[in-house]
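For reference, the chains in residue letters:
Protein chains: 2
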Amino acid sequence: MSERLTATYYVETPLSLSDAAEILAGEQSSGTFVAVPGETEELKAAYAARVESVEELETVSEPSLPGSRSPVRPAHYTRGRITISWPVHNFGTNLPVLISTLQGNLYELAQFSGLKLMDFTPPAGFVRHFRGPAFGVEGTRLLTGVGSSRPIIGTIIKPSVGLSPEQTASVVKQLVEADIDFIKDDELQANSPHSPFDRRLEAVMRVINDHAQKTGKKVMYACNISDELDAMKRHYDRIVELEGTCAMISLNTVGMSAVKHICDRGELAIHGHRNGWGMLNRHPLLGIDFAAYQKLWRLAGVDQIHVNGIANKFWEPDDSVVASIKACRKKLGEQKSICPVISSGQTGLQAPETYRRVATTDLLYLAGGGIAAHPSGHAAGVAALRQAWEAAVAGISLDEYAKTHPELRQSMQKFKKSD
Amino acid sequence: MSERLTATYYVETPLSLSDAAEILAGEQSSGTFVAVPGETEELKAAYAARVESVEELETVSEPSLPGSRSPVRPAHYTRGRITISWPVHNFGTNLPVLISTLQGNLYELAQFSGLKLMDFTPPAGFVRHFRGPAFGVEGTRLLTGVGSSRPIIGTIIKPSVGLSPEQTASVVKQLVEADIDFIKDDELQANSPHSPFDRRLEAVMRVINDHAQKTGKKVMYACNISDELDAMKRHYDRIVELEGTCAMISLNTVGMSAVKHICDRGELAIHGHRNGWGMLNRHPLLGIDFAAYQKLWRLAGVDQIHVNGIANKFWEPDDSVVASIKACRKKLGEQKSICPVISSGQTGLQAPETYRRVATTDLLYLAGGGIAAHPSGHAAGVAALRQAWEAAVAGISLDEYAKTHPELRQSMQKFKKSD
Numbered sequence: 138m139s140e141r142l143t144a145t146y147y148v149e150t151p152l153s154l155s156d157a158a159e160i161l162a163g164e165q166s167s168g169t170f171v172a173v174p175g176e177t178e179e180l181k182a183a184y185a186a187r188v189e190s191v192e193e194l195e196t197v198s199e200p201s202l203p204g205s206r207s208p209v210r211p212a213h214y215t216r217g218r219i220t221i222s223w224p225v226h227n228f229g230t231n232l233p234v235l236i237s238t239l240q241g242n243l244y245e246l247a248q249f250s251g252l253k254l255m256d257f258t259p260p261a262g263f264v265r266h267f268r269g270p271a272f273g274v275e276g277t278r279l280l281t282g283v284g285s286s287r288p289i290i291g292t293i294i295k296p297s298v299g300l301s302p303e304q305t306a307s308v309v310k311q312l313v314e315a316d317i318d319f320i321k322d323d324e325l326q327a328n329s330p331h332s333p334f335d336r337r338l339e340a341v342m343r344v345i346n347d348h349a350q351k352t353g354k355k356v357m358y359a360c361n362i363s364d365e366l367d368a369m370k371r372h373y374d375r376i377v378e379l380e381g382t383c384a385m386i387s388l389n390t391v392g393m394s395a396v397k398h399i400c401d402r403g404e405l406a407i408h409g410h411r412n413g414w415g416m417l418n419r420h421p422l423l424g425i426d427f428a429a430y431q432k433l434w435r436l437a438g439v440d441q442i443h444v445n446g447i448a449n450k451f452w453e454p455d456d457s458v459v460a461s462i463k464a465c466r467k468k469l470g471e472q473k474s475i476c477p478v479i480s481s482g483q484t485g486l487q488a489p490e491t492y493r494r495v496a497t498t499d500l501l502y503l504a505g506g507g508i509a510a511h512p513s514g515h516a517a518g519v520a521a522l523r524q525a526w527e528a529a530v531a532g533i534s535l536d537e538y539a540k541t542h543p544e545l546r547q548s549m550q551k552f553k554k555s556d
Numbered sequence: 138m139s140e141r142l143t144a145t146y147y148v149e150t151p152l153s154l155s156d157a158a159e160i161l162a163g164e165q166s167s168g169t170f171v172a173v174p175g176e177t178e179e180l181k182a183a184y185a186a187r188v189e190s191v192e193e194l195e196t197v198s199e200p201s202l203p204g205s206r207s208p209v210r211p212a213h214y215t216r217g218r219i220t221i222s223w224p225v226h227n228f229g230t231n232l233p234v235l236i237s238t239l240q241g242n243l244y245e246l247a248q249f250s251g252l253k254l255m256d257f258t259p260p261a262g263f264v265r266h267f268r269g270p271a272f273g274v275e276g277t278r279l280l281t282g283v284g285s286s287r288p289i290i291g292t293i294i295k296p297s298v299g300l301s302p303e304q305t306a307s308v309v310k311q312l313v314e315a316d317i318d319f320i321k322d323d324e325l326q327a328n329s330p331h332s333p334f335d336r337r338l339e340a341v342m343r344v345i346n347d348h349a350q351k352t353g354k355k356v357m358y359a360c361n362i363s364d365e366l367d368a369m370k371r372h373y374d375r376i377v378e379l380e381g382t383c384a385m386i387s388l389n390t391v392g393m394s395a396v397k398h399i400c401d402r403g404e405l406a407i408h409g410h411r412n413g414w415g416m417l418n419r420h421p422l423l424g425i426d427f428a429a430y431q432k433l434w435r436l437a438g439v440d441q442i443h444v445n446g447i448a449n450k451f452w453e454p455d456d457s458v459v460a461s462i463k464a465c466r467k468k469l470g471e472q473k474s475i476c477p478v479i480s481s482g483q484t485g486l487q488a489p490e491t492y493r494r495v496a497t498t499d500l501l502y503l504a505g506g507g508i509a510a511h512p513s514g515h516a517a518g519v520a521a522l523r524q525a526w527e528a529a530v531a532g533i534s535l536d537e538y539a540k541t542h543p544e545l546r547q548s549m550q551k552f553k554k555s556d
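Residue numbers (the working numbering), protein chains in the order written: chain U, 138 to 556; chain G, 138 to 556.
Where chains are identical, the list cannot tell them apart; a pair therefore holds if satisfied intra-copy or between any two copies.
Within a straight-line C-alpha distance of at most 20 Å, the following computed EDC-like cross-link-like pairs (lysine to aspartate or glutamate) qualify:
1) 370 with 401
2) 295 with 178
3) 354 with 314
4) 354 with 275
5) 351 with 339
6) 355 with 316
7) 181 with 303
8) 450 with 159
It should be emphasised that the hints constitute simulated quantities derived from the structure, not laboratory data.
Could you build the full structure based on these sequences and the hints that come with them?
In structure tokens, the structure reads:
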């Protein structure tokens with residue numbers, strides 16, 4: 138008997154919750170049998186998905202999504218959590234087919250007026266098949282030389298589009314001299330005629346390698362290799378040749394099979410950008426929760442993944458961000474931990490609340506304007522971020538710490554919102 | 138000066154529509170500049186996204202998605218269409234970066250309470266860079282030997298999970314003897330311990346090749362190669378070796394870079410399954426419309442793509458299905474046309490309404506139960522589907538045509554819903 142993988146969904150349905158759960162299980166396995174002489178019951182026993190539990194929650198009068206149907210006009214729509222299991226031999230260790238099994242046509246079923254994949258739990262044997270992140274938190278710390286007392290501090294090269302390779306390298310020079318740990322491309326920057334990948338990488342790595350020779354500190358550069366597959370492989374090779382330590386990939390737009398293929402190489406830390414994520418998650422009753430999403434990419438071998446941040450500039454509430462960071466920090470078998478990447482509107486002022494809520498420094502903490510717009514320049518911007526985290530970890534208020542740390546003080550004057 | 142690509146969005150915002158449009162354009166290009174001495178205006182002119190038009194539509198009192206913010210409490214939320222353009226040199230011909238540009242972080246912007254990418258129009262030079270479908274409608278007709286007087290008729294092997302390779306081949310034998318044109322795997326079936334890809338493919342191709350030798354008719358088998366990249370390439374090679382003509386890929390779960398890489402081979406027609414699609418489209422103000430979605434996959438080189446069907450078993454209304462079929466039939470440069478795949482609850486009874494609304498037979502028309510559950514077996518099921526389409530094209534009512542066509546008559550008795 139094969140081990141089983143379980144998945145939990147938050148759903149809304151015009152039917153009874155238990156009927157809806159059975160339909161979901163049937164759609165995603167061998168539930169709709171045509172007669173196969175002599176074997177039907179055996180097949181069902183060996184391959185059918187099973188409803189493990191059904192938990193009714195609230196009812197609502199209006200459907201969340203259009204197009205639901207039921208035999209009789211529903212008095213209300215029932216929301217609840219349902220847990221389904223599958224024998225893992227249905228999909229083997231094939232991640233695309235696992236995703237088709239977990240999600241597939243479910244969102245199209247007229248028996249649901251809302252459906253979100255919340256989480257899934259693979260059996261230990263399934264997880265063991267996957268190496269997971271080759272670097273993860275520990276590896277990213279080793280490569281950047283940042284100990285565990287503080288987050289790894291990083292930034293994004295702006296403007297995202299339009300800088301020549303030489304201009305990019307000159308921005309990078311300011312940043313490495315400011316003692317930054319990590320620098321990334323914007324997701325809109327990859328390999329364009331005005332900034333060809335090879336020339337940009339060469340110009341940037343020259344600055345980073347020179348700085349490393351002088352100081353012993355190797356800044357991690359997440360160069361965006363998102364592209365067609367052959368180009369991604371060529372660019373990955375070039376990063377390795379030039380002694381870079383990281384490559385960035387837009388996970389949703391490149392897709393699982395190519396991301397896994399690149400991660401399998403294992404020579405560079407993979408910075409997973411989740412642009413497009415809002416489409417998959419912003420509606421409370423459609424798509425996929427981050428707990429499930431990050432698990433898929435960990436299985437693929439992604440080392441770092443974006444989670445927004447406290448008081449971010451996007452729509453996402455703090456509770457959701459905190460839940461995402463906690464999801465990243467849960468162990469998955471014996472795999473290395475994926476590193477949560479905090480970004481979006483971060484200035485360092487969010488450090489105390491971030492630390493209070495997640496109680497860890499195992500983070501990659503990115504600030505764009507928070508560094509570039511510091512009144513005394515990049516070096517002061519980086520220093521202010523470190524100071525904010527020192528204060529947060531020591532349990533000292535930013536106001537107090539700022540009295541003896543001028544870079545933080547300036548930063549607070551610049552970025553603190555007037556009440 | 139580079140050519141520009143335009144994209145249209147259906148949005149909802151607590152701001153004024155024109156302010157929201159400017160924010161969208163800024164987020165997806167070089168809009169948020171830090172000072173780059175002497176070049177800011179030049180860069181903006183060369184790289185910034187531009188708002189081309191803004192069209193106000195309805196207003197609503199409640200936001201469609203959570204998390205929107207505005208400086209003052211909004212009196213209402215404004216919906217409308219906005220059109221944005223980018224110089225194509227921003228992304229070159231890199232499809233993943235094009236997708237990041239078109240969608241990216243937009244769904245996360247707090248300035249919107251709804252956002253859907255409706256369509257995009259690439260300039261001719263951009264389209265010319267892409268071969269598009271290697272086979273498309275014409276190639277699929279040539280490979281199956283089905284002339285243009287009727288759709289290509291196909292079916293899905295059921296049960297989706299649990300049949301051994303030998304059992305699968307025996308189902309296929311019944312189907313090819315029933316004179317079917319096309320057979321596909323279910324998306325949950327790929328390469329599992331109980332049905333290893335190689336053994337299933339060999340068993341099925343033996344049946345198909347034997348039948349082709351006897352009759353001259355080569356049935357197209359869309360064998361599901363969705364998997365990690367190396368496995369997909371190996372399985373693709375094996376299909377070519379065994380003289381298969383098609384491979385199926387789950388587009389969303391495999392992802393763009395690997396799909397494009399496989400399509401580039403050009404030796405097999407690629408059957409594009411869109412499972413997971415409901416997540417991207419079912420909400421009217423979130424995600425991506427099929428007009429834009431199918432265009433991305435055509436650029437990648439997919440030959441056949443699923444569109445549901447009239448009176449389908451899923452949530453999708455007929456108008457939406459018709460719009461999808463029409464989107465597939467629009468010319469994209471000099472590329473071959475992608476073949477719309479009609480499926481989901483199809484019995485042939487939908488043929489007249491389908492033909493009335495789309496006025497074409499350039500379709501791959503799939504029926505599962507519509508064939509397997511015909512009272513007189515598979516051959517009668519296939520005959521009934523062809524008869525339904527003959528009647529539809531000739532403008533004869535099914536009731537009338539059934540008088541002289543017993544297979545259709547039985548089919549109607551079986552599948553016609555009692556009013």
